[in-house]
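All chains should be modelled from the sequences, with the hints used to inform the complete structure.
Here the sequence shown stands for residues 1 to 164, where the numbers follow the numbering used here.
Worth flagging that the hints you see were computed from the coordinates, not collected in a lab. Please note that a few of the clues may not be correct.
[As the list claims (entries may be wrong)] Restricting the straight-line Cα-Cα distance to at most 27 angstroms, the calculated cross-link-like pairs of lysine-lysine (DSS-like) are:
1) K9 with K53
2) K86 with K9
3) K159 with K147
4) K97 with K109
5) K53 with K109
6) K97 with K53
7) K109 with K86
8) K9 with K109
9) K8 with K86
10) K109 with K8
[Said to hold, decoys possible] Distance ranges between label pairs, derived from CB positions:
11) A153 with R46: 53 to 59 angstroms
12) S119 with R42: 20 to 26 angstroms
13) M137 with R46: 26 to 32 angstroms
Keep in mind it's a predicted model, so treat the numbers as computed, not measured. In this text, a Cβ means the ideal position worked out from N, Cα and C, and glycines have one as well.
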Amino acid sequence: MALGLEDKKAIVAEVQEAADGALSAVVADSRGVTVAAMTALRKEAREAGVWMKVVRNTLARRAVEGTEYECLTESLVGPTLIAFSKEHPGAAARIFKNFAKENEDFEVKTGAFGGDVVSVDMLATLPTYDEAIAKLMSVMKEASAGKLVRTLAALREQKEQDAA
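Below is the structure:
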């Protein structure tokens with residue numbers, strides 16, 4: 001089905017809007033993946049706060065022009081599925097990476113974060129907000145426990161010196 005100029009402008013505007021509020025982006029090739037599998041992928045992406053769409057390369061290039069995702073222009077070749085993570089930078093990469101394990105026809109091309117092309121594996125391993133808070137809290141707990149132990153040891157030494 002041929003797209004008219006207004007339809008193309010609407011698609012470009014939609015992709016630009018998604019790119020503006022996104023934390024990261026991932027590009028993939030979904031040739032050969034069944035419709036049922038793609039429907040499941042879309043559902044999982046929606047639940048994780050990931051915007052994704054199959055977009056013509058010329059329209060995608062035009063949409064990312066002037067955004068921090070302009071670095072993806074070279075990877076916009078062949079059938080393109082582009083996803084923007086809205087809530088967590090690693091969400092789209094994690095979903096695509098897991099989906100690629102189950103569907104051998106699905107090829108994850110590249111990712112972008114902070115205006116640079118990055119490894120999809122690196123994006124996928126970023127901790128979620130809750131995981132990062134938990135790690136920070138454990139580090140703070142360890143540090144405070146260590147300080148308490150040192151303080152008690154110093155008090156014991158002081159009492160031993162006073163007793164001697």
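How the hints compare with the structure:
no.	hint	in the structure
1	K9 with K53	holds, 15 angstroms
2	K86 with K9	holds, 22 angstroms
3	K159 with K147	holds, 18 angstroms
4	K97 with K109	holds, 10 angstroms
5	K53 with K109	holds, 15 angstroms
6	K97 with K53	holds, 17 angstroms
7	K109 with K86	holds, 19 angstroms
8	K9 with K109	holds, 26 angstroms
9	K8 with K86	holds, 23 angstroms
10	K109 with K8	holds, 24 angstroms
11	A153 with R46: 53 to 59 angstroms	holds, 54 angstroms
12	S119 with R42: 20 to 26 angstroms	holds, 24 angstroms
13	M137 with R46: 26 to 32 angstroms	holds, 30 angstroms
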